[in-house]
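Full structure from sequences and hints, please.
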Amino acid sequence: MHHSFNGIAILRFALLACAMLFFMLPVVWMIAAAFKSTAEFSSLGSPFWPQHWTLAHLRSLLDNGVLARLFNTLRIAAGATLLSLTIGFMAAYGLARHRFPARLDQVFLLLVLLIKMMPPIVVAIPLYSLLKALNLLNQPLGLMLAYQVYTLPFCIWMLLSFIREIPLALEEAAAMDGAGLWRRLRYVVIPACTPGLVATAIFTLIMAWNEFLFALLYLQTPQQFTLPLFVASFMTENQVYWGELMSIGLLSSLPVLLVAGFVQRYLLRGFAVSSK
Numbered sequence: 003m004h005h006s007f008n009g010i011a012i013l014r015f016a017l018l019a020c021a022m023l024f025f026m027l028p029v030v031w032m033i034a035a036a037f038k039s040t041a042e043f044s045s046l047g048s049p050f051w052p053q054h055w056t057l058a059h060l061r062s063l064l065d066n067g068v069l070a071r072l073f074n075t076l077r078i079a080a081g082a083t084l085l086s087l088t089i090g091f092m093a094a095y096g097l098a099r100h101r102f103p104a105r106l107d108q109v110f111l112l113l114v115l116l117i118k119m120m121p122p123i124v125v126a127i128p129l130y131s132l133l134k135a136l137n138l139l140n141q142p143l144g145l146m147l148a149y150q151v152y153t154l155p156f157c158i159w160m161l162l163s164f165i166r167e168i169p170l171a172l173e174e175a176a177a178m179d180g181a182g183l184w185r186r187l188r189y190v191v192i193p194a195c196t197p198g199l200v201a202t203a204i205f206t207l208i209m210a211w212n213e214f215l216f217a218l219l220y221l222q223t224p225q226q227f228t229l230p231l232f233v234a235s236f237m238t239e240n241q242v243y244w245g246e247l248m249s250i251g252l253l254s255s256l257p258v259l260l261v262a263g264f265v266q267r268y269l270l271r272g273f274a275v276s277s278k
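Each number in our numbering comes from the position in the sequence shown (counting from 1) with 2 added on.
None of these hints come from the bench; they were simulated from the model.
Idealized CB from N, CA, C, for every residue including glycine.
Incorrect hints may appear among the rest.
Stated by the list, open to error - Pair ranges (Cβ atoms, derived): (1) A234 / M120: 17 to 25 Å; (2) P128 / I208: 20 to 28 Å; (3) I127 / V242: 24 to 32 Å; (4) G96 / M120: 20 to 28 Å; (5) P169 / R14: 30 to 38 Å; (6) A41 / T88: 49 to 57 Å; (7) R14 / K134: 52 to 60 Å; (8) L143 / L183: 25 to 33 Å; (9) Y130 / A19: 45 to 53 Å; (10) D179 / L69: 47 to 55 Å; (11) L215 / L113: 16 to 24 Å; (12) G96 / S62: 44 to 52 Å; (13) R101 / E167: 14 to 22 Å.
Written as structure tokens, this is what we have:
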């Protein structure tokens, strides 16, 4: 019986290792390709691992202003995430803690879900007209507001499940001690909802970080471009600059991975709560 248990554990470990290798293979290939020479990309029998390591692609990105685009992306994605979390948390709390007549809360959630499922191109032209009227075209704030079309519905639905998991008795006890709404939110709801807030923030940040369509339509000068637009500039009709593409893929992945690794403890707790 003991040997059988060990065999099952070894088999499970082997399957997990194979799955991890399968999912990590593209990442390892991207890292290796970022340091290949241009000649190795041009050859038919290009090796998987670089034969001659080079930093030429990274230097080319730095010369073309990749750090400025990285800062643009970080600023816009962080601003859009903070805005979505703030509004989404208040909306989710109201839906979870208050009753609405004629099931207006369910109607509201259905409308939010329909907006989330709607292709972004459907609202692209009306948003363009609105941002132009507000003089927010080619502005980071305009792009942050445009991203709310799909980040805000996601935050509302995600946070709603986390807030519903918080026992109402905790707030009632705080209210009996004289705590008002804002004190209950600050000292009861938000601390209990921290894993959910962090998990929602990570996914929202990734969504805003990778967005391409709205950035393409609403940003007009190269100085304001985000990383997805900057990536597209290395794919031309005549040539694809694989070295630069892999290098910028590596650079653009690091900030999100660092943030996710830093808040991993809260992220795992958020997954545990949401799966109940």
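We went through each hint and held it up to the structure:
1. A234 and M120 have their C-beta atoms about 24 Å apart, which keeps the hinted 17 to 25 Å range intact.
2. Take P128 and I208: their Cβ atoms lie about 26 Å apart, and the range 20 to 28 Å holds.
3. Between I127 and V242 the Cβ separation comes to about 31 Å, which falls inside the hinted range of 24 to 32 Å.
4. The hinted window of 20 to 28 Å between G96 and M120 holds, with their beta carbons roughly 23 Å apart.
5. Range check, P169 to R14: Cβ separation about 36 Å, and the 30 to 38 Å hint holds.
6. In this structure the hint that A41 and T88 lie 49 to 57 Å apart at CB holds, the actual value being about 51 Å.
7. Between R14 and K134 the beta carbons are some 57 Å apart, a value that agrees with the proposed interval 52 to 60 Å.
8. Checked against the hint of 25 to 33 Å, the pair L143 and L183 passes, with Cβ atoms roughly 29 Å apart.
9. In this structure the hint that Y130 and A19 lie 45 to 53 Å apart at CB holds, the actual value being about 49 Å.
10. Judged by the Cβ atoms, the range 47 to 55 Å given for D179 and L69 holds: they are separated by roughly 51 Å.
11. Separated by about 22 Å at the C-beta atoms, L215 and L113 satisfy the suggested range of 16 to 24 Å.
12. The beta-carbon spacing between G96 and S62, approximately 50 Å, falls within the hinted interval of 44 to 52 Å.
13. Separated by about 18 Å at the C-beta atoms, R101 and E167 satisfy the suggested range of 14 to 22 Å.
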